[in-house]
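So the protein sequences, as listed, match chains H and X.
For this note's numbering, add 4 to where a residue sits in the first sequence, where the first one is 1.
For this note's numbering, add 171 to where a residue sits in the second sequence, where the first one is 1.
Since the hints were derived computationally from the structure, they do not count as laboratory data.
Be a bit skeptical, because a hint or two may be false.
[What the hints assert, rightly or not] DSS-like cross-link-like pairs, simulated, lysine-lysine; straight-line CA separation at most 25 angstroms:
no. : chain 1 : residue 1 : chain 2 : residue 2
1   : X       : K282      : H       : K36
2   : X       : K387      : H       : K341
3   : X       : K214      : H       : K508
4   : H       : K37       : X       : K282
5   : H       : K100      : H       : K36
6   : H       : K427      : H       : K37
7   : X       : K214      : H       : K162
8   : X       : K282      : H       : K162
9   : H       : K540      : H       : K508
10  : H       : K341      : X       : K255
11  : H       : K590      : H       : K574
12  : H       : K341      : X       : K282
13  : H       : K331      : X       : K214
14  : H       : K162      : H       : K274
15  : H       : K100      : H       : K162
16  : H       : K492      : H       : K540
17  : H       : K508      : H       : K130
18  : H       : K341      : H       : K134
19  : X       : K387      : H       : K350
20  : H       : K341      : H       : K274
21  : H       : K162      : X       : K241
22  : X       : K282      : H       : K33
23  : H       : K331      : X       : K387
24  : X       : K337      : H       : K331
[Unchecked claim] Pair ranges (Cβ atoms, derived):
no. : chain 1 : residue 1 : chain 2 : residue 2 : range
25  : X       : D256      : H       : G118      : 50 to 58 angstroms
26  : H       : G501      : X       : T354      : 54 to 62 angstroms
27  : X       : E307      : H       : P285      : 53 to 61 angstroms
28  : X       : D203      : H       : K540      : 41 to 49 angstroms
The beta carbon of each residue, even a glycine, is placed where N, CA and C say it ideally should be.
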Amino acid sequence: MSTMRSLSFDAIIVGGGGSGLRAALELAKSGKKTAVLSKVFPTRSHTVSAQGGITCAIGSADPNDDWRWHMYDTVKGGDYIADQDAAEYLCSEGPKAVFELEHMGLPFSRFDNGRIYQRPFGGQSKDFGKGGQAARTCAAADRTGHALLHTLYQNNLKNNTVFLDEWYAVDLVTNADGDVVGCIALCIETGEIAHVKAKATVLATGGAGRIFASTTNALINTGDGIGMALRAGFPMQDMEMWQFHPTGIHGAGCLVTEGCRGEGGYLINKDGERFMERYAPNAKDLAGRDVVARAMVMEVLEGRGCGENGDHVMLKLDHLGEEVLMKRLPGIVELSKTFAHVDPVKEPIPVTPTCHYMMGGIPTNVDGQALAQDPDGNDRVINGLFACGEAACVSVHGANRLGGNSLLDLVVFGRAAGIHIEKSLNEGVEYLEASQSDVDRAMARMSRWNESNGGESVADLRAELQSTMQNAFGVFRQEDNMQEGVSKLAELRERIGNAHLGDKSNAFNTARVEALELDNLLEVAEATAIAALERKESRGAHSRYDYPDRDDVNWLKHSLFHPTNKTVTKREVNFTPKTVDTFEPKIRTY
Amino acid sequence: MSNLQVSVYRYNPETDSAPYMQEFQIDTQGRDLMVLNVLTMIKDQDSSLAFRRSCREGVCGSDGMNMNGKNGLACVTAVSEVIKDNKLVLRPLPGLPVMRDLVVDMNLFYKQYERMQPYLQNDTAAPAIERLQSPEDRDKLDGLYECILCACCSTSCPSFWWNPDKFVGPAGLLQAYRFLADTRDNATQERLAELEDPFSLFRCRGIMNCVAVCPKGLNPTRAIGKIREMLLSNAT
Numbered sequence: 005m006s007t008m009r010s011l012s013f014d015a016i017i018v019g020g021g022g023s024g025l026r027a028a029l030e031l032a033k034s035g036k037k038t039a040v041l042s043k044v045f046p047t048r049s050h051t052v053s054a055q056g057g058i059t060c061a062i063g064s065a066d067p068n069d070d071w072r073w074h075m076y077d078t079v080k081g082g083d084y085i086a087d088q089d090a091a092e093y094l095c096s097e098g099p100k101a102v103f104e105l106e107h108m109g110l111p112f113s114r115f116d117n118g119r120i121y122q123r124p125f126g127g128q129s130k131d132f133g134k135g136g137q138a139a140r141t142c143a144a145a146d147r148t149g150h151a152l153l154h155t156l157y158q159n160n161l162k163n164n165t166v167f168l169d170e171w172y173a174v175d176l177v178t179n180a181d182g183d184v185v186g187c188i189a190l191c192i193e194t195g196e197i198a199h200v201k202a203k204a205t206v207l208a209t210g211g212a213g214r215i216f217a218s219t220t221n222a223l224i225n226t227g228d229g230i231g232m233a234l235r236a237g238f239p240m241q242d243m244e245m246w247q248f249h250p251t252g253i254h255g256a257g258c259l260v261t262e263g264c265r266g267e268g269g270y271l272i273n274k275d276g277e278r279f280m281e282r283y284a285p286n287a288k289d290l291a292g293r294d295v296v297a298r299a300m301v302m303e304v305l306e307g308r309g310c311g312e313n314g315d316h317v318m319l320k321l322d323h324l325g326e327e328v329l330m331k332r333l334p335g336i337v338e339l340s341k342t343f344a345h346v347d348p349v350k351e352p353i354p355v356t357p358t359c360h361y362m363m364g365g366i367p368t369n370v371d372g373q374a375l376a377q378d379p380d381g382n383d384r385v386i387n388g389l390f391a392c393g394e395a396a397c398v399s400v401h402g403a404n405r406l407g408g409n410s411l412l413d414l415v416v417f418g419r420a421a422g423i424h425i426e427k428s429l430n431e432g433v434e435y436l437e438a439s440q441s442d443v444d445r446a447m448a449r450m451s452r453w454n455e456s457n458g459g460e461s462v463a464d465l466r467a468e469l470q471s472t473m474q475n476a477f478g479v480f481r482q483e484d485n486m487q488e489g490v491s492k493l494a495e496l497r498e499r500i501g502n503a504h505l506g507d508k509s510n511a512f513n514t515a516r517v518e519a520l521e522l523d524n525l526l527e528v529a530e531a532t533a534i535a536a537l538e539r540k541e542s543r544g545a546h547s548r549y550d551y552p553d554r555d556d557v558n559w560l561k562h563s564l565f566h567p568t569n570k571t572v573t574k575r576e577v578n579f580t581p582k583t584v585d586t587f588e589p590k591i592r593t594y
Numbered sequence: 172m173s174n175l176q177v178s179v180y181r182y183n184p185e186t187d188s189a190p191y192m193q194e195f196q197i198d199t200q201g202r203d204l205m206v207l208n209v210l211t212m213i214k215d216q217d218s219s220l221a222f223r224r225s226c227r228e229g230v231c232g233s234d235g236m237n238m239n240g241k242n243g244l245a246c247v248t249a250v251s252e253v254i255k256d257n258k259l260v261l262r263p264l265p266g267l268p269v270m271r272d273l274v275v276d277m278n279l280f281y282k283q284y285e286r287m288q289p290y291l292q293n294d295t296a297a298p299a300i301e302r303l304q305s306p307e308d309r310d311k312l313d314g315l316y317e318c319i320l321c322a323c324c325s326t327s328c329p330s331f332w333w334n335p336d337k338f339v340g341p342a343g344l345l346q347a348y349r350f351l352a353d354t355r356d357n358a359t360q361e362r363l364a365e366l367e368d369p370f371s372l373f374r375c376r377g378i379m380n381c382v383a384v385c386p387k388g389l390n391p392t393r394a395i396g397k398i399r400e401m402l403l404s405n406a407t
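Put together the whole structure using the sequences plus the hints.
Next up, the structure:
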């Protein structure tokens with residue numbers, strides 16, 4: 005291989021979705037030498053698929069709304085393992101971040117008084133759960149993610165951010181001190197490999213829903229940042245916590261926003277019964293997503309599912325009328341026609357719980373600094389490494405994310421990471437230069453694929469991994485199934501390590517990218533599986549037949565998966581917000 | 172009969188002196204698949220086939236391509252919508268340089284987009300909350316802000332084929348009007364000035380291919396007409 009080119013930046017942001025672009029914007033404005041490195045042109049990132057909105061107490065639908073109510077809902081929604089200092093930061097800083105987006109031009113829908121339109125979403129309440137349903141999700145019709153992502157991209161153009169579009173980050177480069185000092189990256193167009201040096205490396209690589217066979221996630225959601233961090237030996241937090249969105253289109257997996265139920269839609273079983281009234285008498289269809297997803301599975305298991313195979317339920321919207329649907333949910337009407345061959349103006353949409361969101365990820369503090377654990381179990385900042393967005397676990401979502409909180413997470417913590425990095429760059433942070441052997445180590449995986457000559461195909465192995473995860477780590481879990489899943493993944497690790505990259509060409513070689521992605525899917529899947537097996541309770545999205553109850557004595561904790569010895573330790577949840585009283589864990593009902 | 176005949180444009184600049192069409196037989200098991208599903212099945216057989224894809228639901232704009240002569244998104248186009256004579260013919264978007272197979276170099280397209288300064292410009296101090304906008308004024312952005320930059324429109328436009336460096340093209344002009352129509356933007360004069368020359372906007376000949384192919388059902392020709400009106404009333 006010819007000599008490798010080096011590119012040097014103050015900060016490199018891996019990922020061009022909402023959180024990466026928000027972090028980049030902060031740094032571009034500060035004049036720091038920043039680049040966004042993204043495997044797709046930024047507006048192709050998965051943020052674009054977010055529909056219903058961004059939840060935030062901006063006091064538009066209800067002038068008396070209070071960010072503390074939003075914080076209460078977030079902590080309760082997360083089944084009490086969200087860090088309360090982080091949830092406090094999210095909800096109190098939120099309005100500032102949303103108004104900024106509006107000032108940047110985001111075309112929010114509006115109320116008659118000209119303020120931003122807000123709709124009800126699941127798990128929202130007024131007055132700490134005592135004042136009934138709130139309407140707190142700010143929306144641009146049902147295309148809020150698209151509007152948000154494009155607005156952020158446009159404002160990065162305005163501020164001359166450097167973009168390395170269609171570059172793929174392969175692995176982190178760590179120096180002799182264990183600090184992160186950049187990454188190895190592949191230019192997809194030419195096949196060139198470069199050493200990207202940076203004083204701050206931000207992993208804003210999004211989720212990894214593609215570890216499951218059925219997911220709302222884009223095909224690009226392969227957990228690249230998670231894989232990179234795990235291979236560098238860094239721990240992952242709460243990886244067992246995967247959200248299954250109640251309303252994925254049956255068969256296709258495409259997302260149907262919770263905003264449908266926020267606007268008054270509801271789920272029915274084969275008898276036409278609005279079954280959520282039995283499971284969540286108060287919030288009904290707007291209970292937490294984990295609660296609704298489990299109820300749907302129960303309906304199916306008890307023989308009240310719809311369709312020939314009785315394997316899904318229906319989302320009824322027709323009673324809302326064509327005008328509301330075309331005004332507030334035009335994208336859903338379009339998606340339903342395309343993927344379910346159903347016009348929701350006339351008929352209900354077949355839906356099924358579908359993997360949607362990774363609550364876990366790279367543990368960080370509210371400044372986006374990635375954390376590891378020292379031998380005594382104390383947090384240790386990993387120098388040079390940052391994470392934000394779905395790849396990070398701050399944790400504001402705990403064991404179950406509330407609808408509309410992901411977009412808020414992106415902008416609040418993307419911004420926070422940018423602010424912190426700017427500050428530390430101003431203070432003159434410097435790390436030891438990487439040696440040739442440090443770079444070689446980060447190149448090992450790429451070299452392995454490039455030198456492979458024979459072995460199984462990437463497509464077959466990927467399909468096997470996805471069905472393994474789907475079968476053993478879905479909405480309901482139990483010991484023996486998961487044990488089998490863990491063994492199967494160990495076998496897959498062996499086989500993927502010997503798999504074959506048939507196409508070794510340089511120009512726009514997507515086979516190479518898919519091979520590298522497969523390694524990441526495996527890392528994410530394994531962390532998920534081992535953490536899920538270890539957490540012996542049911543909490544939020546993690547539901548076990550064999551441990552059906554929440555166990556606050558032993559598991560009011562984060563799990564921390566350590567890749568070097570594949571063990572799980574516990575990490576304390578933060579219960580000390582700065583300006584409000586602690587929300588004590590209570591039984592979670594809706 | 173569930174065998175689908177697919178003809179795909181192939182070109183690898185490293186090894187091919189010229190592009191060629193390659194034939195594939197795909198067993199669809201009688202299902203009416205999306206074109207993207209067909210491409211994925213081909214890639215499972217031949218991993219060297221290159222195409223872009225991401226959301227697979229028509230919102231990210233990655234997989235614009237030419238299917239039996241018409242531009243569209245592979246992920247939301249069913250084979251039955253485009254197939255002719257029992258054959259699916261897939262080519263890259265026309266008019267842009269091909270990087271490999273179905274992947275085109277979109278830099279010219281993005282440059283025209285960037286030239287339109289596609290971001291809100293408002294030099295008045297921002298309020299502590301959001302800027303207010305009436306629902307009626309917000310409605311003016313419907314049909315404009317939804318663009319996904321897939322380039323199906325601009326690469327179906329003969330004026331853009333001819334002058335991709337000078338004619339902004341339907342996608343860029345739709346964006347220009349998205350900000351001209353936004354009551355919160357006050358750079359109207361600067362935006363119009365950028366479009367006064369004979370090429371940037373006036374090379375639109377009203378052919379309306381852009382409208383025929385837009386996968387989001389948007390109407391760039393209408394937006395271009397609105398900008399023309401603004402330029403005319405500006406001049407008088």
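Taking the hints in turn, this is what the structure says about them:
1. K282(X) <-> K36(H): 24 angstroms, holds
2. K387(X) <-> K341(H): The hint holds at about 13 angstroms.
3. K214(X) <-> K508(H): The given pair, whose Cα atoms are some 15 angstroms apart, holds under the 25 angstroms limit.
4. K37(H) <-> K282(X): 22 angstroms, holds
5. K100(H) <-> K36(H): With Cα atoms ~23 angstroms apart, K100(H) and K36(H) stay inside 25 angstroms; holds.
6. K427(H) <-> K37(H): OK: K427(H) and K37(H) at ~14 angstroms, within 25 angstroms.
7. K214(X) <-> K162(H): Cα-Cα ~38 angstroms, so violated.
8. K282(X) <-> K162(H): The hint holds at about 13 angstroms.
9. K540(H) <-> K508(H): The given pair, whose Cα atoms are some 45 angstroms apart, is violated under the 25 angstroms limit.
10. K341(H) <-> K255(X): 23 angstroms, holds
11. K590(H) <-> K574(H): 21 angstroms, holds
12. K341(H) <-> K282(X): Cα-Cα ~34 angstroms, so violated.
13. K331(H) <-> K214(X): 39 angstroms, violated
14. K162(H) <-> K274(H): 52 angstroms, violated
15. K100(H) <-> K162(H): 20 angstroms, holds
16. K492(H) <-> K540(H): 20 angstroms, holds
17. K508(H) <-> K130(H): 58 angstroms, violated
18. K341(H) <-> K134(H): Violated - the C-alpha atoms of K134(H) and K341(H) are around 39 angstroms apart, more than 25 angstroms.
19. K387(X) <-> K350(H): Measuring from Cα to Cα gives roughly 22 angstroms; hence the hint holds.
20. K341(H) <-> K274(H): 21 angstroms, holds
21. K162(H) <-> K241(X): This hinted pair is violated, its Cα atoms lying about 34 angstroms apart.
22. K282(X) <-> K33(H): Holds: K282(X) and K33(H) sit about 22 angstroms apart, inside 25 angstroms.
23. K331(H) <-> K387(X): Given pair K331(H), K387(X) holds - Cα atoms ~15 angstroms apart, limit 25 angstroms.
24. K337(X) <-> K331(H): With a Cα-Cα distance of about 37 angstroms, the restraint between K337(X) and K331(H) is violated, given a limit of 25 angstroms.
25. D256(X) <-> G118(H): 50 to 58 angstroms: About 55 angstroms separates the Cβ atoms of D256(X) and G118(H), which means 50 to 58 angstroms holds.
26. G501(H) <-> T354(X): 54 to 62 angstroms: 58 angstroms, holds
27. E307(X) <-> P285(H): 53 to 61 angstroms: 40 angstroms, violated
28. D203(X) <-> K540(H): 41 to 49 angstroms: 46 angstroms, holds
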